[in-house]
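Student: As a plain string of letters, each chain reads:
4 protein chains.
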Amino acid sequence: MASYGFLGLGIMGKAMASNLIRAGFDVTVWNRSADKCAPLVALGARQAATPREVAASCDITFAILSDPAAAREVCFGSDGVLAGIGEGRGYVDMSTVDDQTAAEIASAISAKGGRFLEAPVSGTKKPAEDGTLIILASGDQSLYDEAGSAFDKLGKKRLYLGAVGQGARMKLVVNMIMGSMLSALGEGLALGLKGGLDGAQILDVLDAGAMACPMFKGKGPMLLAENYSTSFPLKHMQKDLRLALALGEELGQSLHTSSSANEVFKRALIAGYGDEDIAAVYKVIKP
Amino acid sequence: MASYGFLGLGIMGKAMASNLIRAGFDVTVWNRSADKCAPLVALGARQAATPREVAASCDITFAILSDPAAAREVCFGSDGVLAGIGEGRGYVDMSTVDDQTAAEIASAISAKGGRFLEAPVSGTKKPAEDGTLIILASGDQSLYDEAGSAFDKLGKKRLYLGAVGQGARMKLVVNMIMGSMLSALGEGLALGLKGGLDGAQILDVLDAGAMACPMFKGKGPMLLAENYSTSFPLKHMQKDLRLALALGEELGQSLHTSSSANEVFKRALIAGYGDEDIAAVYKVIKP
Amino acid sequence: MASYGFLGLGIMGKAMASNLIRAGFDVTVWNRSADKCAPLVALGARQAATPREVAASCDITFAILSDPAAAREVCFGSDGVLAGIGEGRGYVDMSTVDDQTAAEIASAISAKGGRFLEAPVSGTKKPAEDGTLIILASGDQSLYDEAGSAFDKLGKKRLYLGAVGQGARMKLVVNMIMGSMLSALGEGLALGLKGGLDGAQILDVLDAGAMACPMFKGKGPMLLAENYSTSFPLKHMQKDLRLALALGEELGQSLHTSSSANEVFKRALIAGYGDEDIAAVYKVIKP
Amino acid sequence: MASYGFLGLGIMGKAMASNLIRAGFDVTVWNRSADKCAPLVALGARQAATPREVAASCDITFAILSDPAAAREVCFGSDGVLAGIGEGRGYVDMSTVDDQTAAEIASAISAKGGRFLEAPVSGTKKPAEDGTLIILASGDQSLYDEAGSAFDKLGKKRLYLGAVGQGARMKLVVNMIMGSMLSALGEGLALGLKGGLDGAQILDVLDAGAMACPMFKGKGPMLLAENYSTSFPLKHMQKDLRLALALGEELGQSLHTSSSANEVFKRALIAGYGDEDIAAVYKVIKP
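Protein chains in written order, with the UniProt record's numbering: chain G, 1 to 287; chain Z, 1 to 287; chain U, 1 to 287; chain B, 1 to 287.
Hints are not guaranteed to be accurate.
Chain copies aren't distinguished; within one or between two, either way the pair holds.
To be verified - Below, simulated DSS-like cross-link-like pairs (lysine-lysine); rule was C-alpha separation at most 27 Å, straight line: (1) K235 / K126; (2) K235 / K112; (3) K283 / K125; (4) K239 / K194; (5) K283 / K235; (6) K286 / K217; (7) K194 / K157; (8) K239 / K286; (9) K194 / K171; (10) K239 / K171; (11) K283 / K36; (12) K112 / K125; (13) K283 / K156; (14) K153 / K239; (15) K153 / K286; (16) K36 / K153; (17) K157 / K126; (18) K217 / K112; (19) K156 / K217; (20) K217 / K171.
These are calculated hints, taken from the structure and not from any lab test.
It should be emphasised that the depicted structure is a prediction, and the values quoted were computed from it without experimental measurement.
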């Protein structure tokens, strides 16, 4: 039976590793603060002392770290993945990182004979727990195939998107659409309310028709209640819009609607709402 | 048993009147070209010679006409609804008309002692046939309640939105959101394709996540196939965006994202795509 | 010698009528509050009791009223211009009015055998006093020619633009460009200041180069000083932007940059800055 | 008497060096293609074989190179400025380069004991010949003062803007405003023409009023004539807009109007007009 490593046991990683263990996979875990390993060991995981040890002993090592700096440290650090990985072993980084970071990790792993997959996910805490993430993989296709049975415990949907970098691009495209949709929803709600319509009825009509979607169902009532408790921080959405617009500059794509939405999100960020939920964009739309 | 009239047997009206008759209602129909009455008479409807006759003999008369001019003619014409309607009888105009037209019809009907409801619908041919329209009613609330059992055969959802005019406003708000969403989808697809992503995979990811909606499922493949066969003409969407922006001017609501989407649709209209489907907005986004 | 009437002695009208009198023209004045006539009578003007009397006795009657309602009253009122005007006499309305008002006045004057010119001006108090207005005339061309020597005392520039309505269109086009320029100036200043540049130096560089213009020279220091004392009320600029965008809808012209500027001005209006100078748009740009 | 070096004798450099020589300065020139030195030697310049030789023998060395790569090569190349510059000598790079390049050159020159000034210019061929450039200097202030008498032969206006990088920022701010103004002019002209106004009259009205500026006087007739012969390539303007927007992202400044103008310029670039004059943005506005 294949052996799997899992690096990073934050909110996402803990839920994901648990799903693998519960499904009967042979899993070795590591986390910077070692105490976070205990609940997973209790479920049946082995525990390793360093990323190096995990990468050296497992067929496929997954990682989900909080940011590019952490992703780099876990790979390039003195007892990092790179020091342990050997010929043919696989490393799947599910963190959301920038192009540059993904490219450098990919090339370093390859140079050591390892195989690499960049696999950011769409979805937050709940889908991680439920095993219903969407996995956007790019890089080594043989590794994508071999990791398939594990991916299927982590997500409800997985796609192989081509060379390293394409996973990140897909995420930008999808989040850019989401940002414009949320800005449009906010404008529609604010306009309707000023026009004497009932907010709940507007959401009701939307939910009964062609635009019915989980996002409107989730964020719509938050806008009406002016409840902006964070599940997706606004600053991250604005960053994704910024990066998507930069991609549009690079590739030569006009983005009139998305650039307007970006300016609206930017105003929300400047107004100090960056750590609130993306729904807080409504605060600069409504006045 | 209450008696119902139905005026206007175009694509929408024919399907809607059929649903009422099949459900066992007592229905009297009229259409400008009388030959269109035959299939409904075959289903069990009575046929009347004029709108006046229908309005004078039925408890509640529904109408769905092609445009404001037709709606006015059927109401104010020499043998029109106004000439027939008596104390307490109800008139439900389901046509999509402008504020001014709705207000004039409402006030004329009231002056004759009748009751009036403006009830534009969201949905096109298929939902009309399936009885799954969304009915956005405003005006006389007692009439809304009495027409309820008939509405429930015509649509899957009905809302009472207040004074005459609010139904039309709801439709503008919802269509404004739709226009921005479609422009955003087009920008996302075009960007992704230029970035080497697969269009079907982009739609796949959207469909698996928080933005999954019937509109993307319907229009997404049309964009990829550059198939713009009309179900909702682009010129009507641009008109709704224009009217929604005018409402924003009147009510004092900033609409950065929607006004950008309107400019994109306007360019599509100027380019000559007004009679194609709203999906044809993609033609000016993609280049 | 030809005789001239002048109706409306507000800030603009007083200055303009004075210039005509000082230039030696035979001028008869009228104002709703008769006491405003005194200073002009002191300069040599005759005074009349009603617009009717002025129109009946003068070859060419000029008017500059505060808004469309006042322009209508002075023309259509019981002792109005229309009651007095006779075959061949001229009426030059220099008020800024909407298309509809101008068209109705034009047609009523013509029906009585009079000749009509719509002649809104570009410029405010100072140019009115200095006789350096820009006169945008449209309507009866023979009247334009005959009024020429008077126009030349009122303005430094006059243009004949065609049929009634074209003067108003010219003003919308020019003010639309002005609104976008001011929004752009505000964005540039705000960006430069956040980037550590000196505001006065930014204005200095602009003033030394290809964008040097009286508007930047006038409004630039106001923005830096956050001095918004009104010479052109912001609400009027937003109205002109709105009307220009409506013209763009009617004529089929995409206006991406101008519609963005309009949304920025609209936010300033919503924020309550409508009665301050157009420079106050900076308040919603700067934060 | 102080001695001056001049590196780079392209269109701009040749005109600028000539102005220094004609004004009686002691000038040593160098150019990659040595034959371009002859006309300047004929005017009285000395000629050097390498940038190193120039920097080692002159008190202040000016350079104006075509792009960042050339600016780097002239500084860091084996016989470059860095190899020659000694304690206290001055290097003034008047090329338009990115932040990173300017910062690296500045720091390398300082490390060798030299003094550095970044001094991009506003203005093209004609102002270079006429000595009417605008010089946007930042870096070593003592060098700015010492180079003053030379700057005054090159330009009509010079500003000291602070630390290295501020000169480039000023240029971005000014060009961002220019881009929005040109897009606004295009929209106004196109709208007016569709509305039956005469293009030359529109320009005439603009030129008589508060928006009168050399740019409208220069570009306006080009738009009407659809003459896009290049003096400022459109691709450079779009690049400046892109960089200004990136600065807005970095500093937290909303730029609704400028980002719309950028999208319009981007469409012109995508349509293939990058090498035509910035006036060619009109081609995507007009249809």
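Student: Would you mind marking each hint as holding or not holding in the structure?
Tutor: Quick rundown of the hints versus the structure:
no., hint, in the structure
1, K235 / K126, "within (21 Å within a copy, 42 Å between copies)"
2, K235 / K112, "neither (36 Å within a copy, 42 Å between copies)"
3, K283 / K125, "within (25 Å within a copy, 38 Å between copies)"
4, K239 / K194, "between (31 Å within a copy, 20 Å between copies)"
5, K283 / K235, "both (14 Å within a copy, 24 Å between copies)"
6, K286 / K217, "within (19 Å within a copy, 30 Å between copies)"
7, K194 / K157, "between (40 Å within a copy, 24 Å between copies)"
8, K239 / K286, "both (22 Å within a copy, 21 Å between copies)"
9, K194 / K171, "between (35 Å within a copy, 15 Å between copies)"
10, K239 / K171, "both (12 Å within a copy, 26 Å between copies)"
11, K283 / K36, "neither (37 Å within a copy, 49 Å between copies)"
12, K112 / K125, "neither (34 Å within a copy, 55 Å between copies)"
13, K283 / K156, "neither (34 Å within a copy, 33 Å between copies)"
14, K153 / K239, "neither (30 Å within a copy, 46 Å between copies)"
15, K153 / K286, "neither (41 Å within a copy, 37 Å between copies)"
16, K36 / K153, "within (21 Å within a copy, 58 Å between copies)"
17, K157 / K126, "within (15 Å within a copy, 30 Å between copies)"
18, K217 / K112, "neither (47 Å within a copy, 43 Å between copies)"
19, K156 / K217, "both (20 Å within a copy, 18 Å between copies)"
20, K217 / K171, "both (21 Å within a copy, 19 Å between copies)"
Going through the hint list in order, the structure does not satisfy hints 2, 11, 12, 13, 14, 15, 18.
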